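Going line by line, the protein sequences match chains X and F.
Just so you know, we're using my numbering here: the first sequence kicks off at 1 and counts up by one.
Just so you know, we're using my numbering here: the second sequence kicks off at 120 and counts up by one.
Hints were generated in silico from the structure; no laboratory data involved.
Predicted model, so just to flag it, every value in this text is computed and none were measured.
Watch out, some of these pointers could steer you wrong.
[Unchecked claim] For lysine to aspartate or glutamate, the following DMTMM-like pairs were computed, each having C-alpha atoms within a straight-line distance of at most 20 Å: (1) F/230 to X/71; (2) F/142 to F/235; (3) F/166 to F/235; (4) X/92 to X/17; (5) F/166 to X/17.
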Amino acid sequence: MRWVLVAAMVIATVLGDLLQSHEMKRAGEQSVSMHGFARLLHTIARRRLLILGVSCNVVSFFAFMALVQTEPLSFAVPASSSSFVLETLLAKFVLHERLGARRIAGALAVLGGVVLVGG
Amino acid sequence: MKKVTGLSNPVAHPQWRSGAVLKTYSVLLFFLTLKAVGNSAMAWGMKQVPERMSINPALYLRAMLNPFVAIGVVALMLALLTRMALFSLADLSFVLPVTAVGYVIAVFLGKVFLHETVTRQRWLGALLIFAGAVLVGTTSRNTTLAERPR
């Protein structure tokens with residue numbers, strides 16, 4: 001069950017990140033002042049893909065809540081890094097990017113780390 | 120304002136304002152603190168919730184009535200907004216590796232505050248993840264190269 005929750009969390013995170021990264025690049029610079037947060041919320045409300053991205057974050061968040069209910073935090077948070085592995089696979093097989101040796105080594109290190117953390 | 124593309128010194132890039140770098144690091148520190156507080160409060164609170172979570176969203180909303188879970192939700196939501204702001208200030212190739220230290224912090228918090236048993240294997244795993252995230256994060260990307268100051 002723990003790995004099902006990790007998978008749900010990671011898939012939702014990657015989808016959310018993709019949508020957010022795409023939309024925020026178009027929205028321009030944001031700040032963290034009270035006014036900045038208000039403007040950020042306004043930006044989210046105006047952009048539909050950003051709303052979808054945030055919805056993915058909600059799913060990911062619920063999966064994380066369920067995960068930490070039964071599993072230790074020292075497993076749940078490091079396990080969420082599997083998103084790097086999924087992103088690398090997507091870059092290779094969906095976006096047909098040419099991956100450098102460094103990127104592949106990094107993704108393999110993360111994968112190895114997740115296996116060790118879960119073992 | 121210029122984006123922070125890494126740890127390059129401002130002398131080599133005089134067009135960078137030191138204020139932008141300071142702002143980026145302040146936002147980064149704020150993000151890591153929110154994550155640490157949010158994760159710990161969430162893990163502590165969720166273990167007190169008697170009902171097991173399932174596919175039903177109402178269970179999650181009810182769990183948020185626990186004060187620790189509520190603190191966790193607020194802190195992690197603010198962390199999410201702060202991370203979005205960080206993406207607007209700095210490149211992904213800077214944000215990914217520097218925020219990856221959060222994986223190691225989470226293991227530390229689990230051990231110290233939540234009294235979790237952390238084996239040597241788990242520590243090694245967390246460090247390997249950190250190293251891997253740094254490697255993945257510092258891979259140059261064509262999309263960000265185009266935005267670098269010349």
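- prompt: Quick one, are residue 166 of chain F and residue 17 of chain X close enough, alpha carbons at most 20 Å?
  reply: Outside the cut-off at roughly 28 Å; violated.
query: Are residue 230 of chain F and residue 71 of chain X close enough, with their CA atoms no more than 20 Å apart?
result: Status holds; Cα separation ~13 Å.
message: What's the verdict on residue 166 of chain F and residue 235 of chain F, does the C-alpha distance respect the 20 Å limit or exceed it?
response: Distance of about 12 Å is within 20 Å: holds.
message: residue 92 of chain X and residue 17 of chain X were given as a pair; does the straight-line alpha-carbon distance stay at or below 20 Å?
response: 17 Å, holds
Satisfaction of hint between residue 235 of chain F and residue 142 of chain F, Cα-Cα up to 20 Å: Violated. Residue 142 of chain F to residue 235 of chain F sits at ~35 Å, over the 20 Å cutoff.
Consistency note: the structure conflicts with the earlier hints numbered 2, 5.
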